[in-house]
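Asker: The primary structure of each chain is shown beneath.
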Amino acid sequence: MSSPAIATPFPIPSASAGGVCALVGAPNVGKSVVFHRLTGTYVTVSNYPGTTVEIARAALRFDPATTLLDTPGVLAFPSRSDDERAAMRALLHERPAVLIQVADAKHLRRSLAITLTLAEAGLPLVLALNMSDEAAARGVRLDLPRLGEALGVDVIATVATSGQGIGHLAGAMAAARRPRVRVAYPAAVEAAIEAASEVVAAHVARPPLAARGLSILFLARDPEVEAWLAARHPAVANELRAVRAAAEVGGERLAGIIARTRAEAAGRLAGQVESVTASPPRSRGAAVGRLALHRVWGLPILLAVLYVTYLVVGAFGAGTLVDLTEDRLFGALVNPAVTAFVEAHAPWRWLADLVVGPYGLWTMGMTYAVALILPIVTTFFLVFGVLEDSGYFARLSVLANRGCAAMGLNGRAVLPMVLGLGCVTMATLTTRILSTPRERLIATFLMALAIPCSAQLGVVLGMLAAQGFGWTLAWVAVLCLVLVAAGALAARLIPGRRIPLVTELPPLRWPVAGNVAKKTAGRLVWYLREVIPLFLVGTFVMWLMDRIGVLPWIIERGEPLVSGWLGLPKEAAAAFVMGFLRRDFGATGLFALGAALSPAQALVGMVTITLFVPCIASVLMIAKEQGARATALIVATIVPLAMLVGGLVRLVLSALGLWS
Amino acid sequence: MKRALDAVPPGETVVLERVDDTLAAEFREQLAAYGFVPGRLLHVLAQRPMTVVVCDHVELALEGVVARALEVRGPGAGDN
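Those protein sequences? They're chains A and B, same order as listed. Just so we're aligned: 862 in the working numbering is position 525 of the first sequence, and the numbers increase by one with no gaps anywhere. Just so we're aligned: 95 in the working numbering is position 56 of the second sequence, and the numbers increase by one with no gaps anywhere.
Heads up, some of the hints might be wrong.
Unchecked claim - Stretch-level coverage of chain B by chain A, calculated; a stretch enters the list once three of its residues show a Cβ under 8 Å from a Cβ in chain A:
1. 65 to 74
2. 82 to 94
Claimed, not checked - So these bits of chain A aren't anywhere near chain B, every CB distance computed over 12 Å:
3. Ala402
4. Val586
5. Ala596
6. Glu841
7. Gly994
Simulated from the structure, these hints should not be mistaken for lab results. Quantities reported herein were computed from a predicted structural model and do not represent experimental measurements. Think of the CB as a built atom: it goes at the ideal place given N, C-alpha and C, for glycine as much as any other residue.
Using the sequences and the hints, build the whole thing.
Answerer: Here's what the structure looks like:
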């Protein structure tokens, strides 16, 4: 199918200069690819639902005065997940002049449920049925003119990855119409909608959505619509609550009736325009995907994946690359040159010390962030991107669900947990994909407590491996025990319910190199922009604490605990304090004690340092995501818990006659 | 014959009868968004480690507590 190239600018009449259009649609339908086609800008694209959390925006190629928003994936409205809430906030606050729903042509019924919701919003709408080539390959035939006629909008078949149909889409956006399709709800629900719509129409001037659409979303308990109305028109919100309460007396929630009626209407409409002319070909990706969950083959496949991850990240990234960057580049060339320059030119001694001293912004903060962490997270993000784009992560969440359930979470938490093995600071941000604040808090707490980041992991494994494989196994066992026990306890103490796992399993596919590269580059840019400043802030804090004598004081005060309870040499106290700045420094500090530590002492030291607070950058990120109070509680729990577990390990080793 | 979805052997296709009230209302609404509405055909692919079904041409994995709350029967005329 040919499509006109987007060469001549043609403005969107319904969007005045400086206006906004918005892409809306389910996860995994190609919204971000369509966004790139229409604007020339990339956003992170993935095969794992729920990875575009932020709203991207850029100027349309064919109408530079109009901004296009790429909203996060929406399963349905009313909004429930963070992604859906972000998308609804965009509709309410950005006031898009045109909506472009990007849908998967293979899954028309589910797509139309969203279309019918967007139709109620009363905004000009275009429906882009993407992946139309895959639908055709499966024998799916869609009567687009009939569908367009039923909806009252233009329906365009697209293949965003190749650009097919994008020209037609651009043209349709310029002539977008308001849908005329309308879902007929049961009489009692329609009465409530009408009553609410009258209130909205009478008292809300220039609502961002049609009165009917706004009313339906409020009655269905969309939290963003409720918040929007309560903030601007509290009296209207109160009236609508009364309408809803009256309609729900003794019966089912309106939200449930609305969702079901809409799904049934979407099914009927899909049935009128969709036909399957051939048996869908057996998808090799789907077959391999089932193998990844097979009771016999699932575990060996998982172990193989973990082993390859270790080879790439552990051996190559943390070994070969870090040796190159930290020792040969920064250690031998860059840092000596920077130090000489600063010491020669700094007007004050304290300034030179701040930049290139033992806790220098360059010699510690930047060296850590760039020479050590950057190579490791780069290889980690590459592997992570491959697993994401292939669709394996959805399987991993299924395999991990039972283990996560023991910690009060569901399998979706495996994504941030695995990311935490790369960098806990970044993984803390990824907890946003979890459904509830409770899950995010538990996951954040557990990552801060018992997930070693890649920098620390490398040093710990190096030290324990030198003592023997059994000691390494003991360390892993203690961590797993603490993880599960702390998670189970947190799940009991933190109010709220656990959300059972329901997840899509997209067909496994060969990862697309371009997608993986874009994802990795996007994450690295984020790391450079967001995480490195936190390392520098943390370094500054440590420098200040050292300058005013707080650091030596903490080390001195900690020595009785370290030598008395943990049974370690008193010099180890400094390692714990260093671990707060750089997690690997904490482990390296113990590593440097070398022959002064017995294998049992090495185990106690590594267990304690692993459980001890994450690096200061992580703490700052946790504060950003969870707030100061929760962060203080997490740190106040982790510090004594780490010491307690370390001491208990010593007692157990003593009881077993292994302590020396 | 009515039974819970988690009791359906892999390879069978069944029709969703109802979603039990034991699931929270919000969760039931989310399931409706996935296509789990009465009358919908579900093809069961696996029951271990979780229940895996095809609903609306999409493979979905459901935790045991969810699969147990979905009441199904054998397909008949008029089902979709």
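Asker: Using Cβ atoms and 12 Å as the threshold, tell me whether A/Gly994 really stays out of contact range of chain B.
Answerer: Check passes; 40 Å lies beyond 12 Å.
Asker: If you look at each residue in the segment 65 to 74 of chain B, do at least three have a Cβ nearer than 8 Å to any Cβ of chain A?
Answerer: Since 10 is at least three, the answer is holds.
Asker: When you look at the beta carbon of A/Ala402, is every beta carbon of chain B farther off than 12 Å?
Answerer: 35 Å, holds
Asker: Beyond 12 Å from every Cβ of chain B: is that where the Cβ of A/Glu841 lies?
Answerer: Not fine: 6 Å to the nearest Cβ puts A/Glu841 too close to chain B.
Asker: Holds or violated: is the Cβ of A/Ala596 farther than 12 Å from all Cβ atoms of chain B?
Answerer: Non-interface label on A/Ala596 violated, nearest chain B Cβ at 4 Å vs cutoff 12 Å.
Asker: Closer than 8 Å Cβ to Cβ for three or more residues is the test here. Does the segment 82 to 94 of chain B pass it with chain A?
Answerer: n = 6 at 8 Å, threshold three: holds.
Asker: Just want to verify: A/Val586 was marked as not at the interface with chain B; is every Cβ pair farther apart than 12 Å?
Answerer: At roughly 15 Å from the nearest Cβ of chain B, A/Val586 sits farther out than 12 Å, so the non-interface label holds.
In the structure shown, a violation is registered for the earlier hints numbered 5 and 6, in ascending order.
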